[in-house]
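Protein chains: 2
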Amino acid sequence: LRSVASSSKDLPGEFELIARLSAGLRFSRRTILGPGDDCAILRPARNAQLLTIDSMVEGVHFKIGWGTPEQIGERALAVNLSDIAAMGGTPTACVINFGIPKTAKMPFIDRLNRGLRSAARAAQVDIVGGNITSAREFAITIALLGDAGAQVMRRDAARPGDNIFVTGTLGDAALGWRILAHKVRAQSRARSFLVDRYLTPTARLEAGARLARLRPVPAAIDISDGLLQDLSHMLDSSGVGADLDETKVPLSAAYREVARDDLSHALTGGEDYELLFCARTSLPERELSRRLGVRVTRIGAIRRRRGIGLAHMKLPASAGYDQLRG
Amino acid sequence: LRSVASSSKDLPGEFELIARLSAGLRFSRRTILGPGDDCAILRPARNAQLLTIDSMVEGVHFKIGWGTPEQIGERALAVNLSDIAAMGGTPTACVINFGIPKTAKMPFIDRLNRGLRSAARAAQVDIVGGNITSAREFAITIALLGDAGAQVMRRDAARPGDNIFVTGTLGDAALGWRILAHKVRAQSRARSFLVDRYLTPTARLEAGARLARLRPVPAAIDISDGLLQDLSHMLDSSGVGADLDETKVPLSAAYREVARDDLSHALTGGEDYELLFCARTSLPERELSRRLGVRVTRIGAIRRRRGIGLAHMKLPASAGYDQLRG
Numbered sequence: 003l004r005s006v007a008s009s010s011k012d013l014p015g016e017f018e019l020i021a022r023l024s025a026g027l028r029f030s031r032r033t034i035l036g037p038g039d040d041c042a043i044l045r046p047a048r049n050a051q052l053l054t055i056d057s058m059v060e061g062v063h064f065k066i067g068w069g070t071p072e073q074i075g076e077r078a079l080a081v082n083l084s085d086i087a088a089m090g091g092t093p094t095a096c097v098i099n100f101g102i103p104k105t106a107k108m109p110f111i112d113r114l115n116r117g118l119r120s121a122a123r124a125a126q127v128d129i130v131g132g133n134i135t136s137a138r139e140f141a142i143t144i145a146l147l148g149d150a151g152a153q154v155m156r157r158d159a160a161r162p163g164d165n166i167f168v169t170g171t172l173g174d175a176a177l178g179w180r181i182l183a184h185k186v187r188a189q190s191r192a193r194s195f196l197v198d199r200y201l202t203p204t205a206r207l208e209a210g211a212r213l214a215r216l217r218p219v220p221a222a223i224d225i226s227d228g229l230l231q232d233l234s235h236m237l238d239s240s241g242v243g244a245d246l247d248e249t250k251v252p253l254s255a256a257y258r259e260v261a262r263d264d265l266s267h268a269l270t271g272g273e274d275y276e277l278l279f280c281a282r283t284s285l286p287e288r289e290l291s292r293r294l295g296v297r298v299t300r301i302g303a304i305r306r307r308r309g310i311g312l313a314h315m316k317l318p319a320s321a322g323y324d325q326l327r328g
Numbered sequence: 003l004r005s006v007a008s009s010s011k012d013l014p015g016e017f018e019l020i021a022r023l024s025a026g027l028r029f030s031r032r033t034i035l036g037p038g039d040d041c042a043i044l045r046p047a048r049n050a051q052l053l054t055i056d057s058m059v060e061g062v063h064f065k066i067g068w069g070t071p072e073q074i075g076e077r078a079l080a081v082n083l084s085d086i087a088a089m090g091g092t093p094t095a096c097v098i099n100f101g102i103p104k105t106a107k108m109p110f111i112d113r114l115n116r117g118l119r120s121a122a123r124a125a126q127v128d129i130v131g132g133n134i135t136s137a138r139e140f141a142i143t144i145a146l147l148g149d150a151g152a153q154v155m156r157r158d159a160a161r162p163g164d165n166i167f168v169t170g171t172l173g174d175a176a177l178g179w180r181i182l183a184h185k186v187r188a189q190s191r192a193r194s195f196l197v198d199r200y201l202t203p204t205a206r207l208e209a210g211a212r213l214a215r216l217r218p219v220p221a222a223i224d225i226s227d228g229l230l231q232d233l234s235h236m237l238d239s240s241g242v243g244a245d246l247d248e249t250k251v252p253l254s255a256a257y258r259e260v261a262r263d264d265l266s267h268a269l270t271g272g273e274d275y276e277l278l279f280c281a282r283t284s285l286p287e288r289e290l291s292r293r294l295g296v297r298v299t300r301i302g303a304i305r306r307r308r309g310i311g312l313a314h315m316k317l318p319a320s321a322g323y324d325q326l327r328g
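The listed protein sequences derive, respectively, from chains E and F.
Each residue of the first sequence is one higher than the one before, counting from 3 in the working numbering.
Each residue of the second sequence is one higher than the one before, counting from 3 in the working numbering.
In silico contact screen, one side only, chain F against chain E (beta carbon under 10 Å); selected entries: (1) Gly38; (2) Leu53; (3) Met58; (4) Gly91; (5) Ile98; (6) Gly131; (7) Ser136; (8) Arg138; (9) Ile144; (10) Leu147; (11) Met155.
Calculated from the model, a selection of chain E residues having no Cβ within reach of chain F, i.e. all distances over 10 Å: (12) Leu23; (13) Ala25; (14) Gly67; (15) Gln126; (16) Asp198; (17) Asp245; (18) Leu253.
It is worth saying that the hints were derived from the structure and are not from the lab.
Yeah, the Cβ is synthetic: ideal placement off N, Cα and C, and Gly gets one too.
Input sequences plus hints: build the corresponding full structure.
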């Protein structure tokens, strides 16, 4: 009946572990009661609330040893923050479930926790509760609350005539993952840039919040599954299609150095956590980039006819694109 | 990079799976947007909000085949509902993370999902979001939001002189688990009662909400780790101790039939999800039971001196009670 990792010799019991994970946490005014009771208590909010859940599982989303334990912790929060960013919201509070194998060592957990806390502090998110269960593999599941602000960006709001934009550069994380998995080789500078893009993605919180202030409110989604996959989610939700100029997809210098003219990682590689958005704006890229505080590139336009049309190439027939109707 | 179970032949991709899990969900007025976008959108609430997270892992909290898949789904929500009940709140919305092994079959997932939905419907909880990841073992992690009402019951509010009460009967779930694990034998009627108490615990939501209306507001906690363990959490949080009459601990007829005069399951067995509360009330048990809509039994009183004193026996030296100071 014991659901806790207390049967391991190296680990303290659940109660002590939670106390350790939450020791010395400081909270914003929004939090009335943090970890330690059956629930956290949060002050009522004036705006609509955003809620999302995401999980990072050892062997599926990360391998121990690829990055530091701190980076694993940071990354677990970042993928959740990205969901809030994609709606244009401000993250506020989270609860964290840890699945911890019996073989886990306390120094590893402490370092992972340090990464989680520093990411939470940087994003001004209160860690208000936690739960620990023993498990065969490490898993960090985070449920994150956010404040919606005055306007929310949804993925079902793309309309024919909208321009399609992305933030940052695409495909870096996919290449970083392939480098870590020894599937691709890279020289030191490009290697460290691409691996970092995979290990410590940046949720585009500030850009998302500023985007949500445009009128009309853009449609947006974060790129977690890959550009074509996430674009198709947006198109399906909105009941529209897209013309894409794949040669416009923004690539980093490191991407070009490693992958040359192979666009597949940028089109179908996931885990970039950049924003993909559709806006009726006539602002030039440069002005939009200035306003959002991040490089923004126009890569196409929304059309009435369903499916995705690429300007120069055929749609890659990779797994997972069965719902793309061309 | 694919974090989804789509590499399995039997399972549809993540996107389709989530669509299936959320198909036909109906929402209360509180929910502006349910599953399908990066986040759910919820209307702002007038009262303080409760937030909790809990996880049920195959092999740790349940074994496939012990109950029906529907019961596994129901139980996953019930343990979360119990945390809201213990604070006296009303559950409102949840997000669910599924860890699904590649060997999983769709009919099993569909049935589990049916159990989750019917439990959510019964508790008037909106399932507003989900996430699916492949994993080595089944895991259902639920983050649940609740409305705190006018007053919240906390575990740090027990004061010397308070009477200590529990709802329902204790130790049934522990015996049910031991029956399923072939550690204890029982005749058919007692067996099915005890096994049901383990497989489908009842969160004491109504009793919790009514309790929170008593003045002064009681201290409360749910009994998930066992009476002595959870009492000690409450005593530690409140900085007090307790005198307990262990012969007063309420036992079911089935418990007595199977365990005779062995009180250990009632004192230290977990997973009962009854409420343990401390109240300054002078109401007799019968009247309190009537008001709360569930049997209530007085089992002791809070004292100034730390630790737990039992009336007739020594504290059991079971694992996990190291923080009990006698």
